[in-house]
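As a plain string of letters, each chain reads:
Number of protein chains: 2
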Amino acid sequence: MITREAILELDRLDPLALQRDAFALPRDKVYLDGNSLGALPRAAAVRVQDTVQQQWGVDLISSWNRHGWIDLPQAVGEKIAPLVGAAPGQVICADSISVNLFKLLSVVSMLRPERPVVLSAADNFPTDLYMVQGLSQLLGEQKLRLVQVAEAEITDALNERVAAVLLSHVNFRTGRILPMAEITAATQTAGALSIWDLAHSAGAMPVELDACQVDFAVGCGYKYFNGGPGAPAWVYAAERHQDAVQQPLCGWMGHRDPFVFDPDYEAAAGMLQYLCGTPPVLSMAALDAALDLFADIDMQALRAKSLALGTLFLELLHKTELAAELRLLSPPESELRGSQLAFSHPQAYGLVQAWIERGVVADFREPDVLRVGFSPLYNSYGDIWQALEALREVMAQREHLDPRWQQRQKVT
Amino acid sequence: MITREAILELDRLDPLALQRDAFALPRDKVYLDGNSLGALPRAAAVRVQDTVQQQWGVDLISSWNRHGWIDLPQAVGEKIAPLVGAAPGQVICADSISVNLFKLLSVVSMLRPERPVVLSAADNFPTDLYMVQGLSQLLGEQKLRLVQVAEAEITDALNERVAAVLLSHVNFRTGRILPMAEITAATQTAGALSIWDLAHSAGAMPVELDACQVDFAVGCGYKYFNGGPGAPAWVYAAERHQDAVQQPLCGWMGHRDPFVFDPDYEAAAGMLQYLCGTPPVLSMAALDAALDLFADIDMQALRAKSLALGTLFLELLHKTELAAELRLLSPPESELRGSQLAFSHPQAYGLVQAWIERGVVADFREPDVLRVGFSPLYNSYGDIWQALEALREVMAQREHLDPRWQQRQKVT
Chain V
-10 MITREAILEL
0 DRLDPLALQR
10 DAFALPRDKV
20 YLDGNSLGAL
30 PRAAAVRVQD
40 TVQQQWGVDL
50 ISSWNRHGWI
60 DLPQAVGEKI
70 APLVGAAPGQ
80 VICADSISVN
90 LFKLLSVVSM
100 LRPERPVVLS
110 AADNFPTDLY
120 MVQGLSQLLG
130 EQKLRLVQVA
140 EAEITDALNE
150 RVAAVLLSHV
160 NFRTGRILPM
170 AEITAATQTA
180 GALSIWDLAH
190 SAGAMPVELD
200 ACQVDFAVGC
210 GYKYFNGGPG
220 APAWVYAAER
230 HQDAVQQPLC
240 GWMGHRDPFV
250 FDPDYEAAAG
260 MLQYLCGTPP
270 VLSMAALDAA
280 LDLFADIDMQ
290 ALRAKSLALG
300 TLFLELLHKT
310 ELAAELRLLS
320 PPESELRGSQ
330 LAFSHPQAYG
340 LVQAWIERGV
350 VADFREPDVL
360 RVGFSPLYNS
370 YGDIWQALEA
380 LREVMAQREH
390 LDPRWQQRQK
400 VT
Chain A
-10 MITREAILEL
0 DRLDPLALQR
10 DAFALPRDKV
20 YLDGNSLGAL
30 PRAAAVRVQD
40 TVQQQWGVDL
50 ISSWNRHGWI
60 DLPQAVGEKI
70 APLVGAAPGQ
80 VICADSISVN
90 LFKLLSVVSM
100 LRPERPVVLS
110 AADNFPTDLY
120 MVQGLSQLLG
130 EQKLRLVQVA
140 EAEITDALNE
150 RVAAVLLSHV
160 NFRTGRILPM
170 AEITAATQTA
180 GALSIWDLAH
190 SAGAMPVELD
200 ACQVDFAVGC
210 GYKYFNGGPG
220 APAWVYAAER
230 HQDAVQQPLC
240 GWMGHRDPFV
250 FDPDYEAAAG
260 MLQYLCGTPP
270 VLSMAALDAA
280 LDLFADIDMQ
290 ALRAKSLALG
300 TLFLELLHKT
310 ELAAELRLLS
320 PPESELRGSQ
330 LAFSHPQAYG
340 LVQAWIERGV
350 VADFREPDVL
360 RVGFSPLYNS
370 YGDIWQALEA
380 LREVMAQREH
390 LDPRWQQRQK
400 VT
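Residue numbers (our numbering), protein chains in the order written: chain V, -10 to 401; chain A, -10 to 401.
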């Protein structure tokens, strides 16, 4: 029998528990949606305030030099690099995941000109698939086209027409982890290149891009990195590929000498060529400050807590009658899961809304998915206890069947 | 003889003078660099603070609906539209100018598949030229290539191979205005499409995109719109072109129903298809608040003051011995200039640095250009007086020759 006291003891013993104070979390909420938007680090609020009032307001244009705005994309990239197992000089912060994927897809198309296929999983996050479709429409299907197969059939689908394999490390719905080392090796054995989307893994578990010999990767700043809504994304290119070809979104920030105003583009060396236009400094500054919270974090300890939170959730769930109603979509084996759990339920949307009214924030994903995310830097074991108590109440009172939930909000 | 008293009287009579209080300008500076980075509107600081503390920190993920984050790109676009002479539904806020140009260049290439040339001016802002070069490299020169001619020779260079003419409305160095209506008409008569970059005109003068029957345009948020460092950019597509073809940077935010998570891209109708990835909300919120300052501004009055500031600058300059040293690169006729003046000087870099030390902020552009920008919402006639007094001191004391200016900063 797991008691509330036993759970509070887990929190007392948790080596990451002190991290929670670094976040400005509302006291009346249990926030289990850090896999969608990470909570506000207090340091990010301070940094944005300073960036607006002092840097923009007082130091104005001189801040590009004085406060290092011009170096932010690299500085942020170098803070992310160790968190995804990348040696320095291989990660830079820029644009969105979608835009960065377009750069990488163009690059793999140039590196593998005779191979027209980008292989991906049918339930990959849609924007990843869309970006392949967009480039395909631009270049023509004979040059580049998307082939989607089930996640489990990726390596079987490899052949000599495949230029690249584009996969999410952790599935956005189910939370299933794909075996990065194994798929990357199989991809390269087949002569193709790997592109990994780390949106749902970076910052939530150890990632080993260099050790897995990954070719390219992207990730976002606003989920487990807590960089703020729509925080800029990042891109990784293994050093061996960086200067091989020039990515086509070659804006002035990627020029080797932007302030010479040369009418001819000449790419900067290394990751700088992945920059395009002027970066959104306020948003990037927030991410830069948020990343400092990871400076002293042991990612193995973070992963251990993430799994413990998920396991506790399932254990508490199985001690109730709710378990029968919620069908687990995530792998039952914890080591195969990222930092989230997904369940299907016919009234999943209503469940999420009613749960929110009881102070527990998770999210809904079409068509019938309830998603629960765990952010080990700020979620406690007590949060899980409270979440289950609230869920029990919701279902006992049939609050999830409230007719109000027939009407969906714009963002679900 | 223009006296200081006469100038202060101009400020007392200035109908826009009260706008200055809406900005958090440092008292010890004359800021003549709003053409590079607009000053901080007090309302933007308040808005960013609220977006961070309340929306991100407390309301968290619900803010996408509750605080309209999801609608920000359209809302900001609709605030910009009347300022550039566009009827509603034709402007959306997204990405950077560079990324938006890539979308538009791809679109014109699809709309004019038999015409391979994008015609531009050799001294257009480099990123505009680079984006053509990048797409050209991706598609091949037989499909798309850049042809650069002198600004004055654009219409003569039109022929049946030209798909699009890409020009800056106001030249970033000289400030020369190109005749938008005339060039657009000639472009269309030749069967080509027009793309205008309004970085240096939008927010500084009336612009008439619809009346000039412009096809496409882009602009930034961080110059005369005062949206903050690296504020998101915007894109205009005339209604007649919006649904003709699909732009290739087709991320999930441009899908007709992003939260259905359809694996196949289907473009939203109208300008929404110009969205790509998740937008940087903090930066976009600052721009949204900054644009409210234009709600009641008469753009003709703004233009009148802009020209008056420039004319006063030249008049005061010509009453000194400095005029002989500084060569005006801008058109001498005020109606041919945007809201800036450019001069060449062998020690332009040193002049700018020494001027800054005396509290006057202008900027340097390679190779030898001193640029002075006028933002009629916050610059006063008194600013111009002070700027000239300081410049006189700089040159009298030969401060611009200080050996410190041999060493240039990273951003010039």
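These are calculated hints, taken from the structure and not from any lab test. Certain hints may be false.
With a cut-off of at most 27 angstroms between alpha-carbon atoms, the simulated BS3-like pairs for lysine-lysine come out as follows [what the hints assert, rightly or not]:
no., chain 1, residue 1, chain 2, residue 2
1, A, Lys68, V, Lys399
2, A, Lys308, A, Lys68
3, V, Lys132, A, Lys399
4, V, Lys68, A, Lys68
Which chain A residues stay away from chain V? Per the calculated CB distances, all over 10 angstroms, these [said to hold, decoys possible]:
no., residue
5, Thr(-8)
6, Gly123
7, Gly240
8, Leu271
9, Val400
Keep in mind it's a predicted model, so treat the numbers as computed, not measured. Idealized CB from N, CA, C, for every residue including glycine.
Original post:
Does Lys68 (chain A) pair with Lys399 (chain V) here, judged by a C-alpha cut-off of 27 angstroms?
Top reply: It holds: about 22 angstroms lies between the C-alpha atoms, which stays within 27 angstroms.
Subject >> Given as non-interface: Leu271 (chain A), partner chain V, CB spacing beyond 10 angstroms >> reply: Its Cβ does come within 10 angstroms of chain V, the nearest being 5 angstroms, so this is violated.
**OP:** Take the C-alpha atoms of Lys308 (chain A) and Lys68 (chain A), compute the straight-line distance between them, and say whether it is at most 27 angstroms.
**Re:** violated, 41 angstroms
Original post:
Given the hinted pair Lys132 (chain V) and Lys399 (chain A), is their alpha-carbon gap at most 27 angstroms?
Top reply: violated, 40 angstroms
**OP:** Examine each Cβ of chain V, and state whether all of them lie more than 10 angstroms from the Cβ of Val400 (chain A).
**Re:** violated, 4 angstroms
Original post:
Any Cβ of chain V at or closer than 10 angstroms to Gly123 (chain A), or is the non-interface label fine?
Top reply: Violated, since 4 angstroms does not exceed 10 angstroms.
Original post:
Beyond 10 angstroms from chain V, beta-carbon-wise, is Gly240 (chain A)?
Top reply: Its Cβ does come within 10 angstroms of chain V, the nearest being 3 angstroms, so this is violated.
Original post:
Beyond 10 angstroms from every Cβ of chain V: is that where the Cβ of Thr(-8) (chain A) lies?
Top reply: holds, 30 angstroms
Original post:
Taking only the CA atoms, is the gap from Lys68 (chain V) to Lys68 (chain A) under or equal to 27 angstroms?
Top reply: violated, 37 angstroms
Of the numbered hints stated above, those contradicted by the structure are hints 2, 3, 4, 6, 7, 8 and 9, listed in ascending order.
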